[in-house]
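**Student:** Going down the list, the protein sequences come from chains A and B.
Numbering of the first sequence is given in our numbering, commencing with residue 1 and proceeding in unit increments.
Numbering of the second sequence is given in our numbering, commencing with residue 1 and proceeding in unit increments.
Think of the hints as simulated: they come from the structure by calculation, not from any bench.
Hints should not be assumed to be uniformly reliable.
What the hints assert, rightly or not - Result set (BS3-like, lysine-lysine): computed pairs, CA atoms no more than 27 Å apart in a straight line:
#1 K197(A) - K88(A)
#2 K104(B) - K211(A)
#3 K219(A) - K349(B)
#4 K3(A) - K102(A)
#5 K161(A) - K22(A)
#6 K228(B) - K211(A)
#7 K174(B) - K104(B)
#8 K22(A) - K174(B)
#9 K211(A) - K174(B)
#10 K104(B) - K192(B)
#11 K269(B) - K146(B)
#12 K3(A) - K22(A)
#13 K75(B) - K168(A)
#14 K75(B) - K102(A)
#15 K88(A) - K192(B)
#16 K351(B) - K275(B)
#17 K104(B) - K75(B)
#18 K168(A) - K262(B)
#19 K22(A) - K102(A)
#20 K269(B) - K102(A)
#21 K269(B) - K223(A)
#22 K275(B) - K102(A)
#23 K174(B) - K102(A)
#24 K262(B) - K349(B)
#25 K127(A) - K3(A)
#26 K275(B) - K262(B)
#27 K228(B) - K219(A)
#28 K351(B) - K168(A)
#29 K127(A) - K219(A)
#30 K102(A) - K262(B)
#31 K211(A) - K262(B)
#32 K211(A) - K161(A)
#33 K223(A) - K228(B)
#34 K228(B) - K174(B)
#35 K127(A) - K223(A)
#36 K88(A) - K168(A)
#37 K197(A) - K219(A)
#38 K351(B) - K219(A)
#39 K275(B) - K219(A)
#40 K146(B) - K75(B)
Remember, predicted model here, so these are calculated numbers, not experimental data.
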Amino acid sequence: MFKLLVVEDDRDLNRAVCAFLKQSGYDAVGCPDAGSAFDAMYGSPFDLIVSDIMMPGIDGYEFAKTVRSLNEEIPILFMTARDDIASKQRGFRLGIDDYMVKPIDLDELLLRIGALLRRARIAASRKLEIGSLRLDMDQRTAVWDGQEIPLTAREFNILYKLLSYPGKTFTRSQLMDEFWDVETNTTPRAVDVYMTKLRGKFENCPEFEIKTVHGLGYKAVVK
Amino acid sequence: MKTTKNHPAWSYFLAFFLLAAFVITSSMLLFLNYFARSAGVEYTRSNLFAAALVTFGNTVFLSLICTAVDILRRKVMVDRPVRAIVEAARRITGGDFSARISPKAAVGASQGFDEIIDCFNTMAAELSGVETLRTDFIASVSHELKTPMAVMQNYGTLLQSPELTEEQRVEYAKAVTEQSRRLAGLVTNILKLNRLENQQIYPQIRRYDLGEQLAQCLLQFEDTWEEKGIDIDTHLEEDVLVESDEELLALVWSNLFSNALKFTDAGGKVFVSLKTQGDRILVSVTDTGCGITPQVSRHIFEKFYQGDTSHATQGNGLGLSLVRRVMDIVGGEIFVESQAGEGSTFTVKIKRAANGEVQKDS
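Turn these sequences into a full structure, and let the hints steer you where they fit.
**Tutor:** Spelled out as structure tokens, the structure:
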């Protein structure tokens with residue numbers, strides 16, 4: 001069972017979030033401030049942290065910064081009333097993984113926590129497994145049904161990205177920014193070429209499909 | 001408030017008397033001099049005195065008549081319209097924005113008064129419009145805030161009752177959740193609008209790719225259109241740059257997209273296009289939803305205006321006010337074309353930036 005730490009100074013909200021997470025099959029521990037959160041973390045390891053920003057004493061930024069300096073992997077989700085872009089920027093620069101503006105929708109919180117944990121697991125193991133398809137980040141290999149499918153480094157990276165976020169559409173520019181050099185002169189249309197190649201190579205693979213989304217971008221749909 | 005200073009009648013009389021005396025004396029002297037020289041008449045002291053007396057009396061009499069006529073003229077041509085204007089201005093200062101000046105006040109008045117009165121009435125009409133908006137706004141805010149709170153309070157009370165069936169309990173709890181969500185959305189929008197209106201947000205201008213922003217913004221609604229079964233189509237011109245505030249414009253796009261998806265039923269279609277026209281960019285969002293009537297489209301950008309007065313579709317009537325306010329700040333325009341029952345098209349017109357290096361995030 002995943003262990004989640006909820007740091008929130010409003011008692012009612014803390015209790016509600018913890019109760020909901022417990023009900024949803026997580027082991028949630030609530031702390032009213034950063035100090036007691038550190039104490040709890042010394043006692044036992046956690047898989048994910050949900051934290052408020054505006055708290056008495058040590059604020060959420062300071063807390064996230066300290067946690068990040070000790071643990072680079074643990075997903076941190078900010079849950080705060082501040083909805084301005086400056087606060088979000090500051091949070092993400094400190095290395096948080098997700099940001100939700102209060103009042104939060106508990107169902108959405110659950111979805112996001114699920115996605116964060118899944119990605120954390122993928123990132124930790126550096127392996128992806130979908131049905132009989134296996135992607136190994138360290139060796140950059142894709143094996144389907146015991147057979148290796150030869151991929152170039154860029155093809156592998158794009159596929160790994162799409163399959164890490166199944167159902168989420170990425171625009172061509174987003175993929176370009178991540179997998180091509182900044183100085184490159186190629187247009188975002190180059191992404192189309194890669195998608196055609198990937199589709200060709202995984203033609204027979206029934207585990208997933210790369211879909212074009214209305215001229216906006218591409219997504220992998222896992223079947 | 002200062003009142004207009006009234007000159008006493010004798011000062012008018014004195015002015016007219018001096019004027020008449022001066023004019024008559026000068027003309028008499030001129031005439032008599034000329035007459036005496038050419039006719040060789042000698043004046044005696046006694047007949048001169050008599051003539052002077054008559055002339056003096058005459059001057060006094062003429063001055064009196066002039067004064068009376070002038071006072072009368074002033075009463076009609078100046079005092080009456082001035083009094084009407086002052087009266088109306090006082091009422092407006094006192095908060096009565098229904099005050100208007102009757103155009104009759106200008107009849108026979110000096111030139112220019114009719115113009116002043118016209119201007120004044122336009123101003124008063126404009127002021128009362130603003131005032132109505134303000135009172136309506138407050139009334140709408142309190143209505144929109146109090147309704148969900150009342151619902152939550154009532155269901156909260158109901159939930160405390162021990163004799164509830166499981167079904168009722170779930171239903172009531174759902175109602176509380178639904179209303180608190182509505183309240184949260186409303187408060188968020190009111191705060192955003194307030195921040196925009198008080199100009200606490202200064203636009204942070206940078207150059208960026210608009211097509212990419214539209215694509216990413218639209219993709220945030222992917223779940224919504226998949227869930228509702230709405231078909232999305234886009235035609236986005238590439239490499240179109242703008243120099244504007246990215247966050248403010250994102251607010252515009254997400255409001256337009258969420259509206260289009262909100263008012264379109266399953267099986268409908270939402271079309272997003274990005275076109276350039278000289279140095280202008282046209283972004284339009286078209287839906288095949290319920291559309292809006294011309295009466296509604298005239299008010300659609302007003303705060304708390306909802307075409308659907310039953311409030312059946314969720315929302316709080318602030319989204320498009322936000323959009324319009326952003327357009328004011330970034331110097332763009334927004335139009336709506338719609339046919340009731342067939343759908344609507346919202347078109348945003350903004351200035352295009354010259355092509356060049358795109359600034360990446362700092």
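**Student:** Take the hints in turn and mark each one as holding or not.
**Tutor:** Now the hints, each set against the structure:
1. A hinted pair counts as satisfied when its Cα atoms are at most 27 Å apart, and K197(A) with K88(A) does not qualify at roughly 37 Å.
2. With a C-alpha separation of about 75 Å, the suggested pair K104(B) and K211(A) falls outside the 27 Å cut-off, and the hint is violated.
3. Distance restraint check for K219(A) and K349(B): the Cα-Cα separation of roughly 31 Å exceeds the 27 Å cut-off, and the hinted pair is therefore not satisfied.
4. Our distance criterion of 27 Å between C-alpha atoms is met by K3(A) and K102(A), whose separation comes to about 22 Å.
5. For the proposed pair K161(A) and K22(A), the alpha carbon gap of about 31 Å is over 27 Å, so the pair is violated.
6. Restraint check for K228(B) and K211(A): satisfied, since their Cα atoms lie roughly 19 Å apart, inside the 27 Å limit.
7. For a cut-off of 27 Å, the pair hint linking K174(B) to K104(B) is broken: about 63 Å separates their Cα positions.
8. For the hint pairing K22(A) with K174(B), the CA-to-CA distance comes to about 20 Å; that is within 27 Å, so the pair holds.
9. As the CA atoms of K211(A) and K174(B) are separated by approximately 36 Å, the hinted pair breaks the 27 Å bound.
10. Distance restraint check for K104(B) and K192(B): the Cα-Cα separation of roughly 48 Å exceeds the 27 Å cut-off, and the hinted pair is therefore not satisfied.
11. A C-alpha spacing of about 36 Å is found between K269(B) and K146(B), which places the hinted pair above 27 Å, so the restraint is violated.
12. Pair hint K3(A) plus K22(A) holds up; C-alpha atoms about 10 Å apart against a cutoff of 27 Å.
13. Restraint check for K75(B) and K168(A): the C-alpha separation of about 81 Å exceeds 27 Å, so the hint is violated.
14. The straight-line distance between the Cα atoms of K75(B) and K102(A) is roughly 68 Å, outside the 27 Å bound, and the hint therefore fails.
15. A hinted pair counts as satisfied when its Cα atoms are at most 27 Å apart, and K88(A) with K192(B) qualifies at roughly 16 Å.
16. Annotation: proposed proximity of K351(B) to K275(B) holds, straight-line Cα distance about 12 Å (limit 27 Å).
17. With a C-alpha separation of about 14 Å, the suggested pairing of K104(B) with K75(B) holds against the 27 Å cut-off.
18. Our distance criterion of 27 Å between C-alpha atoms is met by K168(A) and K262(B), whose separation comes to about 21 Å.
19. Proximity of K22(A) to K102(A) is assessed by CA-CA distance (about 20 Å); at most 27 Å being required, the pair is judged to hold.
20. Pair hint K269(B) plus K102(A) does not hold up; C-alpha atoms about 32 Å apart against a cutoff of 27 Å.
21. As the CA atoms of K269(B) and K223(A) are separated by approximately 26 Å, the hinted pair is consistent with the 27 Å bound.
22. Between K275(B) and K102(A), the direct Cα distance comes to roughly 37 Å. Violation of the 27 Å bound is thereby established for this hinted pair.
23. Note on K174(B) and K102(A): the hinted pairing holds, with a Cα-Cα distance of about 19 Å set against a maximum of 27 Å.
24. Taken as a hint, the K262(B) and K349(B) pair is honoured in the structure, with Cα atoms around 23 Å apart against an allowance of 27 Å.
25. A hinted pair counts as satisfied when its Cα atoms are at most 27 Å apart, and K127(A) with K3(A) qualifies at roughly 22 Å.
26. The hinted pair formed by K275(B) and K262(B) meets the criterion: a straight-line CA distance of about 24 Å does not exceed 27 Å.
27. Note on K228(B) and K219(A): the hinted pairing holds, with a Cα-Cα distance of about 19 Å set against a maximum of 27 Å.
28. Between the alpha carbons of K351(B) and K168(A) the distance comes to roughly 32 Å, so the proposed pair goes past 27 Å and is violated.
29. A distance of roughly 19 Å separates the Cα atoms of K127(A) and K219(A); the hinted pair therefore holds under the 27 Å criterion.
30. Our distance criterion of 27 Å between C-alpha atoms is met by K102(A) and K262(B), whose separation comes to about 22 Å.
31. For the suggested pair K211(A) and K262(B), the alpha carbons sit about 25 Å apart, so the restraint of at most 27 Å is met.
32. Between K211(A) and K161(A) the CA atoms are separated by roughly 14 Å; this keeps the pair inside 27 Å, and the hint holds.
33. For the given pair, K223(A) sits about 20 Å from K228(B) by alpha-carbon distance, which is consistent with the 27 Å threshold.
34. Under the criterion of a C-alpha separation no larger than 27 Å, the hint pairing K228(B) with K174(B) is consistent with the structure, at around 21 Å.
35. The suggested pairing of K127(A) with K223(A) holds, with an alpha-carbon distance near 19 Å, which does not exceed 27 Å.
36. Among the hinted pairs, K88(A) with K168(A) is consistent with the structure: their alpha-carbon atoms are about 21 Å apart, no more than 27 Å.
37. Proposed proximity of K197(A) and K219(A) is supported: the alpha carbons are some 15 Å apart, at most 27 Å.
38. Our distance criterion of 27 Å between C-alpha atoms is broken by K351(B) and K219(A), whose separation comes to about 32 Å.
39. With a C-alpha separation of about 26 Å, the suggested pair K275(B) and K219(A) falls inside the 27 Å cut-off, and the hint holds.
40. For the suggested pair K146(B) and K75(B), the alpha carbons sit about 56 Å apart, so the restraint of at most 27 Å is broken.
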